[in-house]
Amino acid sequence: MMDSGRHPNIELMAHSEVEDVSGYVGNFQVRVRKKARYVVEGECTACGDCAPVCPIVRPDEFQMGLSTRRAIYIPFPQAVPSAYLINMEECLGDNPIACGKCLEACDKKCIDFDMRDEIVELQVGVIIVATGMEVYDPTPLDEYGYTSHENVISTLEFERLISAGGPTEGHFVRPSDVTRPKRIGFVQCVGSRTALSGSNPDGSKGNPYCSNICCMNTVKDSLLLKDHYPGTDITVFYIDIRAFGKGFEDLFMRSKAEGVKYIRGLPGEVVGDPETGNLTAYVENTTTGRLETHEFDLLVLSLGAIPRKETGLVRQLLSLSRTSDGFLMEAHPKLRPVDSPTRGVYIAGCAESPKDVKDSVTQASAAAARAGILLNSPRITVEAITAVVDPDLCKKCGLCAKVCPFSAITWQKGEVAHVISAACAGCGTCAAECTFDAITMRHFTDQQIYAQIDAVLEQDSLEKILCFACNWCSYAGADTAGTSRLQYPPNARLIRTMCSGRVKPDFVWYSLQKGAPVVLVSGCHYADCHYIDANRNTVRRVDALWQGLEKHGVRPERLQLDWCSAAEGQKWAKIMRELEEMRAAVTVQEAEETKEALKGKKVPVSSKVWRLKEPTPATMRCMRCTHQWATTFDLAVDEERMCPVCRNNGVRVLLDGWESQRR
Amino acid sequence: MPIDDPRIGVFVCDCGTNIAGSVDTDALRAYAEALPDVVVAVRNRYTCADPGQQEIRRVVAEQKLNRVVVASCSPRLHEPTFRDCVAQAGLNKYLFEMANIREHCSWVHIQDPSAATKKAQDIVKAAVARARWLYPQEEEQLPVTDATLIIGGGVAGIQAALDLADAGHQVYLVEQEPSIGGIMAQLDKTYPTMDCSI
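Here the protein sequences come in this chain order: A and B. Numbering-wise, this note's numbering puts 52 at position 52 of the first sequence, and it's gapless, one number per residue. Numbering-wise, this note's numbering puts 669 at position 6 of the second sequence, and it's gapless, one number per residue.
Looking at chain B on its own, in the form it has when it is part of the complex (with noise of 0.2 angstroms):
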């Protein structure tokens, strides 16, 4: 079971005409509306932009909503804005769900707005179905420490050690031969500059 009663927000992005051009986005919203556990659909012309966010916010603690999943673009392209404004509204970020309903259908079904709109129903309702029962979740923290091993002391090594030093790093530099300088001590003169490699 869902850990708690979920009451989900759906927010429809008609991304300018990239999504509403061939999706019935307005057909859209209803049919989200209509979703078990779905409290409320709201459709924006782009819900990236600041008055988008600022909807979903508002929304968010006008509805008390616990899950929130944007029909928009690929979660590879918005994912961490949505997180990022979701946690702003209280909510832990990782109750937010995306359906990719531009990449992976307006921009692909262009001739066919029909099958491209029930398609898209079909998108939402499966992120909707996934948004029931995702949970919050931690992101674990984890100490650094402060010290960096470079293995290969060629001019890369090298270089890598001598910058990182420089920003008052501790360094190890490993190298396998009794002398660091790798292939490039080897060469006489380097190009485009014809100077020397040591």
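So that you can see chain A by itself, here it is in the shape it has in the complex (with noise of 0.2 angstroms):
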């Protein structure tokens, strides 16, 4: 903390907010508000003696609300910078009828109540995002009584509790009568691994994932309790102790040795006792198969750990994705794990995931490195496979810009488009939406496409399956069906492309046109996708490529959607197999009638499920095994869709009177 504070090649921005990023890899515009401290940062010397005249008294956050501060204040002794604020929502002012005594008292005279934010706008190379984590807020798990029973504490309040530097200055004692807990109590994963999926929408009772850090903190906190008081009863109840990492199954080892109890089980139940503030937990200790009831002086929450909300900003400033439990997510998960989806922007530390201290040190140095190297290359080469803008075919109208995941196209209205090639990812999906044929993906041009649907579909159309199957999860999941060995029937042909949202309904409908029996338009899960979420395009042009095959009396089902992420050959092997099925069910007549049905119409681009502005009652339909069942859709849900039964993606909604008319 200190280093970095006095290193001549950092300058530290406390107190202070990104509001701002443009630009692209290597060259970054960034605007950051530094908030007016009221102090002026190069002037303090932390002398400290303004607090005491403060007549404000507030809970010092940084002790847990434990103990107070005052409203000018310094979040603690070794704060860096080690500089005073003032909170000027709290202060009284600098009106000497209302205070203005901490002026007074200011020897160096450095409190300026005059000062405003200032915004500073910094030129840089590449980001790193360390946005860090938050802990769960326990309200909603209420049956622990963390809002009913003072003794009852988190994790975060215990470690401010047995610190040196803490409100008790290293006494450990329990909140309601400052006496020393002799029986003790932990309660893991509270927060984590609480929820089943799909059992609270709202995630209002913690999450399904675990936190990685709260097993070896009790274990830590358990050994902290046995060094300082040798006496202490210490019980801790979980789900399973996660004890993989180097030195920890030694340190458990340790803590059990020391006698802490490890109970498997968490309480279902804690009832407090007014009079003396002792806890009764009630616990199934899995282990036995028995009820048990414990009684404890103190219990402590080991909390979860939940993204932080000031992430969600950043990400929408930078483009980045995230994973469905909220967290950041990498450019891939095992090969480019600090690496964020877009270029020049690197992850790390508790923004990616949950994580302790050593893991949190081992992937910003990674990141660290992952940065130099760009910022070590005196030039960047971006791969030659961006959107082209032909000024010529270009009708203004916006679309391009409007799909486009990394807002790499400029528009304005009355104006040709434009795209910043170095920050376009390539993943055409522009070029799909724009209907006047006015972009050009370099390297995967319509062209290109259609050559290759020409030179599968001009023999014996009737034996293949067109898909066409994005480069980083579908086609890789294809890839890894081949390592495996999985054997499948023969008659897929593939056509690559960066991303499924670059697959032009026009390609289909060509397709279809040209014969194939069945098409298929493969892409990432939803939480995969490499562009953002540029595949949530491709289901809306399916859903409209859908309804228009309906209207001309094509069956639906020829068209499958469905993704496959690049670890699920089995998947991609099953699809095939379940694909190969419906391609033998298609006639020749059935073809045949196909392309007199499609002749001259009108690709279709929209369908009335997008245009949805609210809640609808619909059917959702399995495009694969025709399975249905009813739903509320929500176009603002951005979930995936999926049948429970065959688990395919491919699901259509239908709305109410689309249903009746099917049938």
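What the hints contain is simulated information worked out from the structure, not anything from laboratory work. A few of these clues could be false.
As the list claims (entries may be wrong) - In silico BS3-like cross-links for lysine-lysine, where the CA-CA straight-line distance does not exceed 30 angstroms:
#, chain 1, residue 1, chain 2, residue 2
1, B, Lys-852, A, Lys-309
2, A, Lys-358, A, Lys-413
3, A, Lys-402, A, Lys-551
4, A, Lys-413, A, Lys-613
5, B, Lys-852, A, Lys-256
6, A, Lys-599, A, Lys-396
7, A, Lys-602, A, Lys-396
8, A, Lys-34, A, Lys-309
9, A, Lys-256, A, Lys-246
10, A, Lys-334, B, Lys-727
11, A, Lys-595, A, Lys-551
12, A, Lys-334, A, Lys-358
13, A, Lys-613, A, Lys-309
14, A, Lys-182, B, Lys-852
15, A, Lys-108, A, Lys-35
16, A, Lys-396, A, Lys-358
17, B, Lys-756, A, Lys-246
18, B, Lys-852, A, Lys-226
19, B, Lys-852, A, Lys-261
20, A, Lys-182, A, Lys-413
21, A, Lys-358, B, Lys-756
22, A, Lys-101, A, Lys-34
23, A, Lys-246, A, Lys-261
24, A, Lys-608, A, Lys-395
With the hints as a guide, bring both chains together as one complex.
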């Protein structure tokens, strides 16, 4: 901390927020708001003369509200920068009638009530996102009594209470009567591994994932207690103890050897005695299968980690993706773990997933090294797969700019769209959106793709399944099927695109007109889309195609959609087997009729479903196994569709009118 | 129309028995050579190995090829290898195309050599059709500003800042709280070494 504060190459901007980021790899422009401290940072010596005279007393956030601070304060004694600040919302002001006492107390005269926020513009080549985590708020899981019993505390409160720099100077006491607790319980997995998927769609009761750090943190806490107060009786309630890291098992064994009791099973209820402040926990010991009752003086809730709210803002500013748990998604979970999908932006620490100090440091050094590669190159090259707008064909509609996940297309009303090629990642969803053929994807041109379709369907078209596969997931999933030697029918013919978002509806229309019995559009699962959310456009276009095919009397099932990750070789093989059955069912007559039916017909680009403004009752129909179920469809909820029976992702939304029309 | 008169060379790889085990690579080579605009088709035992690459460079020069198709494994594996190879042969590296007849064909249709061979022919045919429309591409070069923004001054942000700063790069470390340190600063001790957090 201290080192970074005085390093000549580091400009520390504390009490500051990133407000805007523009530009692209190697050339980002950043706007930072340096919030006013009202104390001149470079002048303040942290002598502390100002705080005692301040009449305003507030809970101290650093001490988890277990002690107080003044309106003029330093967050903690070792703070960097080592300077006081005033919380102006709490301060009475500098008017001598109201207050102004700190002004008098400050010998160096470094308090400045006229200070204003400062906007700083920065030019940087790379960005590292290390926005960290928050701890889970245990209020919704109130069977543990966090809100009703004073002696039920959180892990961070524990840390402050046992710290020599804490409110009690390290004398460990419980909140209700400031006495030393002799029987202490720890409850693990509070807010982690608690939600069964689908049990609480609003996420109000914990999260399904493991928070990684809490087991070892409790093991550490138990040893601290045993070290400071050897006689303390400690019980830990857990689901599994995950002591997987170097030196972790040793620490866990030490804790057990010190007499800490580990009981498998989480309390179902905690009851407090208002007289004594003691707590009774009722728990099913799942090792013995017995119900047990334990009495404690203090109960510590081992809280899980959740993504920090501010990470969401940063994610939007930088066009990053997140995984289903809300943490930032890396470019590749194994091979590019600190790269983000946006080139020149790296991820480190708990912003990516909950992790301990060692892993955060490791990842930070990795991100720094990755960033260094770019910073040390005099110039960097961009793969020539970017989009190019033909100004003669552009009709200035701006749809391309709207669908670009990277904000790489600039457009203003009445103006030709312009691609910033350095920011373009080459997904091609703009080219698929453009109905005027004004966008060329370098190296994945319409011409090249049509040539591939023609080559495949020129002969024996009825025997072939035409598959569009995205480079990152479904093409790679097919590779995995190969590497695993999974056997499947030999009828598929793949056309690789960078993203399923590149698949222009015209390609599908053309393939069916050329006699393809079945066409598959495949891409990444929602959480894995390498172009943030470009594959949502794929779904929208396929919805429109299904509607259009049905309108012209073509079975919409002949267009299949599915997501297959790079790891899902098994799924790829399964898709291939299922599609082969569908292909075999298409007769020469049906294929010929399709050619006639689609001849000269306009390619549909929008469906009713995507014009819905509010949640609407709908029937979902699996386009593979025909399973149907009723639901309320809401476009605003960005969820991957999946058939609960066959797990196919090609699920069609039928608004009720449509359904009755079909039957 | 293609920008020039395409002269395509197809290089069919046996990959030992990985491809040749279920795909008749001789028949595939002959099939490829008969495709329109294909000037020559060559069969190799291992196209990615040095002799295989030398062969590509030699044939490009001899036959004045302006497009190269390699029918072998996944482009996710060896596209960079062969792009470099054709660049060494003096062609723009975007004039190269790959036909995946291993992961997507020979390995998944082991029991059915005739279907595998037929499918491999289609895959090569589509690759050649695409190759006809390939254009040379120039990769854009961009300057890099030698400075880093780090958002978040917890332990990860601090470590990344120190590493980059020690390596001589300018770093801007932005923290929303009045002090850096993050959650780690609030911890008393940290595992597994039980030392102080600040």
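> Taking only the CA atoms, is the gap from A:Lys-182 to A:Lys-413 under or equal to 30 angstroms?
Replying inline: 71 angstroms, violated
>> For A:Lys-34 and A:Lys-309, compute the direct alpha-carbon distance and say whether it is at most 30 angstroms.
In response: Holds - the C-alpha atoms of A:Lys-309 and A:Lys-34 are around 20 angstroms apart, at most 30 angstroms.
> Is it true that the CA of A:Lys-599 sits at most 30 angstroms from the CA of A:Lys-396?
Replying inline: 29 angstroms, holds
> Regarding the pair A:Lys-246 and A:Lys-261, is the alpha-carbon distance no greater than 30 angstroms?
Replying inline: 23 angstroms, holds
> A:Lys-608 and A:Lys-395: Cα distance at most 30 angstroms?
Replying inline: Judged against 30 angstroms, a Cα distance of about 25 angstroms means the pair holds.
>> What's the verdict on A:Lys-108 and A:Lys-35, does the C-alpha distance respect the 30 angstroms limit or exceed it?
In response: Distance of about 22 angstroms is within 30 angstroms: holds.
>> For A:Lys-602 and A:Lys-396, compute the direct alpha-carbon distance and say whether it is at most 30 angstroms.
In response: Holds. A:Lys-602 to A:Lys-396 sits at ~21 angstroms (cutoff 30 angstroms).
>> Just to be careful, I want the Cα atoms of B:Lys-852 and A:Lys-309 compared with a cutoff of 30 angstroms; is the pair within it?
In response: Holds, because 26 angstroms separates the two Cα atoms, which is no more than 30 angstroms.
>> Against the 30 angstroms threshold, does the CA-CA distance of A:Lys-613 and A:Lys-309 hold or violate the hint?
In response: 27 angstroms, holds
> Taken at face value, is the distance from the CA of A:Lys-613 to the CA of A:Lys-413 at most 30 angstroms?
Replying inline: 25 angstroms, holds
>> What's the verdict on B:Lys-852 and A:Lys-256, does the C-alpha distance respect the 30 angstroms limit or exceed it?
In response: Holds - the C-alpha atoms of A:Lys-256 and B:Lys-852 are around 19 angstroms apart, at most 30 angstroms.
> Regarding the pair A:Lys-358 and A:Lys-413, is the alpha-carbon distance no greater than 30 angstroms?
Replying inline: Not satisfied, since the Cα-Cα distance of roughly 51 angstroms exceeds 30 angstroms.
In summary, the structure is inconsistent with hints 2, 10, 16, 17, 20 and 21 from the numbered list given earlier, while agreeing with the others.
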